[in-house]
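Asker: If you want the building blocks of each chain, they are given just below.
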Amino acid sequence: MRAFAQLLERLAFTPGRNAKLAALGAYLRTAPDPERGYALAALTGDLELGRAQPAVLRAMVGARVDPELFALSYDFVGDLAETIALVWPMAGTPEDLDLAQIVETLQAAPKARAGELIAGWLDRLEASERYALLKLATGGLRVGVSARLARVALSQLGAPEIAEIEELWHGLAPPYLNLFSWIEGGEKPVNAARAPFRPVMLSTPIDAEALAQIEPSDYAAEWKWDGIRIQAVSDEGTRRLYSRTGEDISQSFPDIVAHMAFEGALDGELLVRRGADVAPFGDLQKRLGRKSPGRAMLQSHPAALRLYDVMIWEGEDLRALPYAQRRARLERAVADLPPERFDLSPQLSFRSWDDLAALRADPPETVIEGVMLKRRDSAYVAGRPRGPWYKWKRDPMVIDAVLLYAQRGHGKRSGFYSDFTFAVWDGAQLVPVGKAYSGFTDEELRRLDRFVRHNTIERFGPVRSLKPELVVEVAFEGLNRSTRHKSGLAMRFPRIARIRWDKPVAEADRIDTLRDLLPPA
Amino acid sequence: MAQPLLIPRPEGLYCPLGDFHIDPSRPVARALITHGHADHARAGHGAVLATRQTLDIMAIRYGAEFTGQRQVYEGPLRIGQTEVRFHPAGHVLGSAQIAVTAQGTRIVASGDYARRATPSCAPFEPVACDIFITEATFALPVFRHPDPRVEIAKLLASVKSEPERPHLVGAYALGKAQRVIALLRAAGYDAPIYIHGALQALCDYHIAQGIALGDLRPATMDKTEARALREAIVIAPPSAFGSAWVQRFSDPVISFASGWMQIRARARQRGVELPLVISDHVDWDELTSTVEEIDPAELWITHGREEALMRWAALHQRVARPLGLVGYEEEPE
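Quick note, the sequences are listed as chains X and G, same order. First residue of the first sequence: 1, per our numbering; consecutive thereafter. First residue of the second sequence: 1001, per our numbering; consecutive thereafter.
These aren't lab readings, by the way, just hints derived from the structure by calculation. Just so it is clear, CB atoms sit at the ideal spot from N, CA and C, and this is done for glycine as well. Hints are not guaranteed to be accurate.
Unchecked claim - A few chain G positions that, by computed beta-carbon distances, are all more than 10 Å from chain X:
(1) Val1028
(2) Asp1056
(3) Ile1079
(4) His1087
(5) Thr1105
(6) Arg1149
(7) Lys1160
(8) Arg1185
(9) Ala1208
(10) Ala1228
(11) Thr1290
(12) Leu1325
What the hints assert, rightly or not - Simulated coverage check for chain X against chain G, where a stretch passes if three residues somewhere in it have a Cβ under 8 Å from a Cβ of chain G:
(13) 2-15
(14) 74-86
Turn these sequences into a full structure, and let the hints guide you.
Answerer: Structural data, given as structure tokens:
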């Protein structure tokens, strides 16, 4: 457990991607089997322990530490596993416990014994190892390493390319003995898994200025949908939905999986769609939050795919074909699929960038966040090549608002006032219209935090009300009516674009400015 | 009913029987100062009573004219109807607890204090009293400061494994910087240690007071010299990390010596790559055991995590009250 705890420590504090890769590589090279396989699975989110729900942990720590002191500690630290690791009153002498043995014991144990087992180990570990154990047991490592980065580190141990590893990944299981053996020069594991994930093609951002350098007729355009990128693979009866990083999310979308009666791999956007109407992103978020959605949710929030590419079709790999040809194949394929679950992302007709700019400025639906450009002759390649695919996002809307409340952040920002409620004028009153907790630099965060501490009117737990003295420029992606907010408005992805230390509060925007931005009722 | 001995006021703790304040946050006629950290020792009072070292430190920080009159504490003295004594607090050089006695009651205002031995100041002395006034900076059970020698060993191991990268250790100018240097020396590190200009005067003062800090050099080298350094340790106030001064170092390891480094989010928020949990305050166990050792009839809490200490007091049937004093930094480390 000590080596793994040290790895987590390095990963948590090392800022650079390369340094993280080096730390991962050093661990994967030196840790023994099967420990390194379990550790890798923990990092990629593929370790199924599922034994330690937060409630189990809370009960466990409640037996050792006064609940109120624990609650105050948790509020200060902001992370459950870290809080428990720190407050745990160690009862035994520290030992270097075997990670693989812990994992195998937990996997074999009945659920009811998990708390007791974990408590017994915590008694024999140092604080940073207690943290590592709790992170492992709860499954949510969140140590600043994506599953992809872990696989990149893996690919750097030996000859196989990252794309090869990603294609194989879903056919393998922890502790990955055959995978490590292959990477270290042994035989390649046979991909037993049906419906594997294939690395996706990503776009790069572009703006009007850069567009002038490229030829409009070389590109096809379509809307950029505000859903999530998905890969739908159906392979001799095995059906899977993958996120763009290869996470299997089939379980959350049985309504789509049930209709995937095809052989192939399609690329598209996952949306909540009621008939022709695409629901706002918030509706999709509700679905994403449910591991196994109930019948009511499936009815009220039906999921659908809006398709824009085809990678494999009826046994044929189409990725090397030019985009225009793949698009033609896709159109034929979609024609045979049930329209309530699958439709085509339409192509936009334009001759010049000005035409396209006009379309982008006035999209037919609010769930459109810009336009996509795809070079007609581009093959489907993994990664983010510069040139074949571009995204041209809609400009954000901006208003000047006044900070009214601040709340202490959690996680990375615990202890700093980093979550802000802002308001605009309604007559002589300031009405809250949204919350923002991003858009500023760390240095600005420290200044904002200082501002909050020096301009507090009242405290309510972690929230402080502020003297209305600071104007911020808030950028947001869209505006909707809302019955949940007093102002009747809900902003999409608001963030602080600029802090106007200089601007008088009286010059902040009025609510009418916002109301004028609402879509028609 | 007898007049209360000390009263919390907006400007700080006030003693009506002696007509003085302890560590006031605004200028007053007469101030008794526990130690030289800026949130306790402010300039502009009419008269200041403190240890010689605290007075010297205030003069270094604020200039010789920091107060109208100054009085060195040399032994027990009467002020108005009170008797005042200073006792070591173990926090930073010159730090003292202030015991005020009148009408059969003794209050100890401990300022900030620490219980671990350090070469840079005299150890904390427990003083029997009716009311003990404590800080609560690290008053949460998550704060259990590790052995500082283990933290220093981490720093030295990192220096060895990445010799090309200078290690920039953030440490506050009074107390923490000298504590880190003394710990490095005690660990056998005898190479020159580079210090930022803001630390020079206070390090010189520690040396003049007989605290050995070894070979200290100003961290004012130019870019070429800085890039030629190997296995270098540079100590600087954390504020310096945001300044152009840092630009002379290539790919430095940013480290920070503070009790707050126990919390991962704090370290990450500050962009710290090598957090060192080294504190000059008591941790949770030290704070609660100090209260049990002194066993006062009442516990008063000045600043920090008052709620948790109040809860602990309730669980242990102790009378406690938060003073709600303003002006002390929430993060004095």
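Asker: Please go over all the hints and tell whether each is borne out by the structure.
Answerer: For each hint, the structure was consulted:
| no. | hint | verdict |
| --- | --- | --- |
| 1 | Val1028 | holds, 22 Å |
| 2 | Asp1056 | holds, 30 Å |
| 3 | Ile1079 | holds, 34 Å |
| 4 | His1087 | holds, 30 Å |
| 5 | Thr1105 | holds, 30 Å |
| 6 | Arg1149 | holds, 15 Å |
| 7 | Lys1160 | holds, 16 Å |
| 8 | Arg1185 | holds, 26 Å |
| 9 | Ala1208 | holds, 35 Å |
| 10 | Ala1228 | holds, 23 Å |
| 11 | Thr1290 | holds, 18 Å |
| 12 | Leu1325 | holds, 15 Å |
| 13 | 2-15 | holds (count 4) |
| 14 | 74-86 | holds (count 7) |
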